[in-house]
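Asks: From first to last, the protein sequence lines stand for chains A and B.
Under this note's numbering, the first sequence has 502 at position 423, and the numbering climbs by one with no breaks.
Under this note's numbering, the second sequence has 265 at position 186, and the numbering climbs by one with no breaks.
Think of the hints as simulated: they come from the structure by calculation, not from any bench.
Any given hint could be a false lead.
One copy or two, either will do: identical chains are not told apart, so a pair holds if it fits within one copy or between any two.
The list that follows gives simulated cross-link-like pairs (lysine-lysine, BS3-like), each with its CA atoms no further than 25 Å apart [what the hints assert, rightly or not]:
| hint | residue 1 | residue 2 |
| --- | --- | --- |
| 1 | K431 | K496 |
| 2 | K256 | K166 |
| 3 | K112 | K83 |
| 4 | K83 | K284 |
2 protein chains.
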Amino acid sequence: MKSKIFRPDWTEKSPAPGTYRSIFKYGDPQHFKHPSDAWYRMIKQDFHLSDADFSSKDKEGLEQVIINRPVALKQQQMEALQAIVGKENVSRDDYSRVKYASGKTTEEMLELRQGIIHEVADVVVHPRDKHDVQKIVAYCDKEVIPVTVFSAGSSVNFGCRPVTGGISLVVSTHMNKVLEVNELNQTARVQPGIFGPAYEDALNKAPELFGSKLRYTCGHFPQSFEYSTVGGWIVTLGSGQASTYYGDAYDIVFSQEYVTPVGTFKTLDYPATATGPKINDIMKGSEGSFGILVEVTMKIFRCMPENRARFSFMYPTWDAAVNASREIMQSEFGKPAIYRISDPEETDRGLKLYGMPGIVDKFLVLRGFKPMQRCLSLGNVEGDRDYTRLVARKIKAIARRHGAMSLGSYAARKWEKTRYTEPYMREDLGDYGILIDTLEAAVTWDNLHHLHEGVRAYMKSRPDTMCMTHASHFYPQGTNLYFIFIAHMNNPEEYRKFQHGIIDSIQKHGGSLSHHHGVGRMIGPWMETHLGKEQMDVLRVLKRHFDPHNIMNPGGQLGLDR
Amino acid sequence: MKSKIFRPDWTEKSPAPGTYRSIFKYGDPQHFKHPSDAWYRMIKQDFHLSDADFSSKDKEGLEQVIINRPVALKQQQMEALQAIVGKENVSRDDYSRVKYASGKTTEEMLELRQGIIHEVADVVVHPRDKHDVQKIVAYCDKEVIPVTVFSAGSSVNFGCRPVTGGISLVVSTHMNKVLEVNELNQTARVQPGIFGPAYEDALNKAPELFGSKLRYTCGHFPQSFEYSTVGGWIVTLGSGQASTYYGDAYDIVFSQEYVTPVGTFKTLDYPATATGPKINDIMKGSEGSFGILVEVTMKIFRCMPENRARFSFMYPTWDAAVNASREIMQSEFGKPAIYRISDPEETDRGLKLYGMPGIVDKFLVLRGFKPMQRCLSLGNVEGDRDYTRLVARKIKAIARRHGAMSLGSYAARKWEKTRYTEPYMREDLGDYGILIDTLEAAVTWDNLHHLHEGVRAYMKSRPDTMCMTHASHFYPQGTNLYFIFIAHMNNPEEYRKFQHGIIDSIQKHGGSLSHHHGVGRMIGPWMETHLGKEQMDVLRVLKRHFDPHNIMNPGGQLGLDR
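Same shape as in the complex, but just chain A (with noise of 0.2 Å):
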């Protein structure tokens, strides 16, 4: 007779209003995804951890948010903001302060928890169009007030933190509408603080809400689809999981619109020019550090989900999944929208975790797929319907010459089920001192391995620690490494030594300081040495122009003026 399993007491209940946990939670306060028991007998084992320690959480973040701190702008100052947006749009009560003026770092949470809070805004700020954007920075920039814009809060680079104090301007309140689907041109015009489902579904919906004939989608769905916004996309240079068909952020912008302290402008709408430099491009990756993105025009593409071809693959090794990964992309028949494969280590725990059969496993072993050599590969075409069919067609004819095994769709469809759900695990483990974190860094295909190698060594090297690698977002020259580490460990002290070691061999070992997560003010202190003093000048002459009272987000993002 067995005894009945025990499970720890996840959290079930929404974060009250007005706490900690209200800020730090991901996503839908009504949502939860707690670890699986796998999950669950995979922490404990390798932690050495036993149901004991599960017993009783730590500290969950649930007070109410006080801070006591003073609002530094002048009364006349509040009254002026007041006067362009209205008052209804403008606060500044301790849990405003503090909830936009937070990202969904770890290292935010692990603090939050405990009451830690850093620099806030004195007032927030909604605009209700890019009209009132314009005044407001007018009035900042002479004031000298700084403004740092808050959209969807995810994040993970503290890059919504009002380091100087002043304004947080949240975009995403009411500046988040569809404007226009140009079906001619395949674009769509919206403002900055739509969220991503919102524009999608606009989108799908195109034929009954714009008239046109076709329904579209946007191409870009990042991990943080449904609490991120286009504008974010696209001033952190965001990419989709499905970038290596349609493109990072940066190459799905047609044309902007940005509110600075020296002027508003909107780039043109071409599909190419030769004019000089791009100012369009420029603008892309700014964080807010040269202006606002007020509106912005955006490639569409057609929607045809019904076409989708999926596939995924178990290889023997690594180097396995790496050449052929390198020869897909190499190869000029198409692309895959979604494309990924796993390091031994990811894919044996993804293996345990998502219940893979003991005879299943057994199989694999004896077909040659061994644990910790063994790499899971996964994705899906999309397009039109021949064009899928071929792409599908041709990876997996490369697979079977480099030693895989094909598996189907399954895994495709497993994974694209749970692909914007993983964060909610964190607040969980978090309860009991576990934490979950990533860094990811671009290469080039002839230093993946070193890169690889370096970085999982350095994390390897804390004992206890899970070090988890995918590749996603490819190109023909090379790919992004995804490093996922879980580690017990609930010290903000010991945790932001570990990860700044992280950085540091990502940069020791060639690999770029961000794919896909911006700089912020947490790799800002690296951009520098990374960027080489000459590159580093460039952005901030632009910086300068553009924000000659230093106010546009001020206080270490891009590591401009540290």
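Here the structure of chain A is known, so what remains is to put chain B in place on it, guided by the hints.
Replies: Just chain B, lined up with the frame of chain A:
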């Protein structure tokens, strides 16, 4: 009994060394391509000319170049430059000064025929490598000596004109090697002054020259391919004829190294990054105004000419051709490499010039493809064999749905043969006072007809002016309209006025000022109106940063310091 056909005495002799003609003659001094008899008949008829008008030539520019202008550089400065690059790499003879100040504009041809010379440099310098360039730029910055870069000299916008004297820096003399082919990354590191054919040849022969497994192609084939260089493609934002698949020059640059007055830097080798605005992109299109491109890593592509699938179609109308093209570019089944549609005038003149038999014409008319309505389309698909077959099949199906008749691969093959040689006819026609010139503009689909009709109407408002237009370089969001005009006109002032009217008309009808010819000093005066002050200020601030003493290609390049 037929009388013998009269043919003008087209020049068949290489221009003598040292002559004006040797400077403005296009391409290989030994190579000629004369207007066909059909061309000649068409010109006579359209311009109301008779054989008598072709009995003697206009100004041919056969005189020796003599300028009698002082060299403003001090002896000491001359010696300093000689000390850097060696005496043999510095020249100040009249011929060199004019040759390396000249591009291939129609205006320059008209003027050089008459011995009219604009600004020239004091001295021509041929750096041996990037270290030479560094020393020259550092010295010139100290001494405030202007530096204007000359590479292949195929500029059609006075991009190489040393408006304030100083140095013509010729990068194609020595800095023209492929330094490395990195097969893993599918990149090639090259010096900027390498010409198209040498570069492509090295990539085609990569197995023999660099020990690679596969053969590669550069993917960039502008009409000037044989007489333009890799560095020129990038700093002027060129587009190859196969850009619809391979991308514009902008897209196929991986990383770059620049020498500027404020320092030398190399952008990082990553397939993508999210580390702020991309310096690698900011430098593209800078046309020598920020600094000098001294090395570049290009993306390369598998070379599989055996898979090329060609197509050509006759559409009943321009509308049908445009609509089909848009459908092709937006259908998500892959892209053709070369893709073109000719408007009715270009189609009919083309058919005439290439000698379509009368019976074919009758057949076309019977089938509803009427003169001055029907439109020719042609192109090819490159890549994997199954991919090229699929894309060609899809294009055919869409063409048919839009009422087109397939012409097989005939027209595409015919076009390929003459793709680089059309410019050779310019001198022949110019000898009899007839000029051909081109201007191009990017445009979105929803503005294509407005731009086409507007610019055409302007051109046609001049009596007896041929105006042929095609769209090439396609994108899901639009295309490029390439306007060709032919006129009996040999007065530079008249030409300038007409040409400026065309640029005005492009601007007025919402076209981009340039799709791939760049800006130079010709389009410069329109830039501020086109981009707006705010965006022009961004270019200015970058210019001031990189080049505080205004020595880099000064004098109106990009409209910067007018």
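Asks: Which of the numbered hints are not met once you compare them with the structure shown?
Replies: Violated hint: only 4; rest satisfied.
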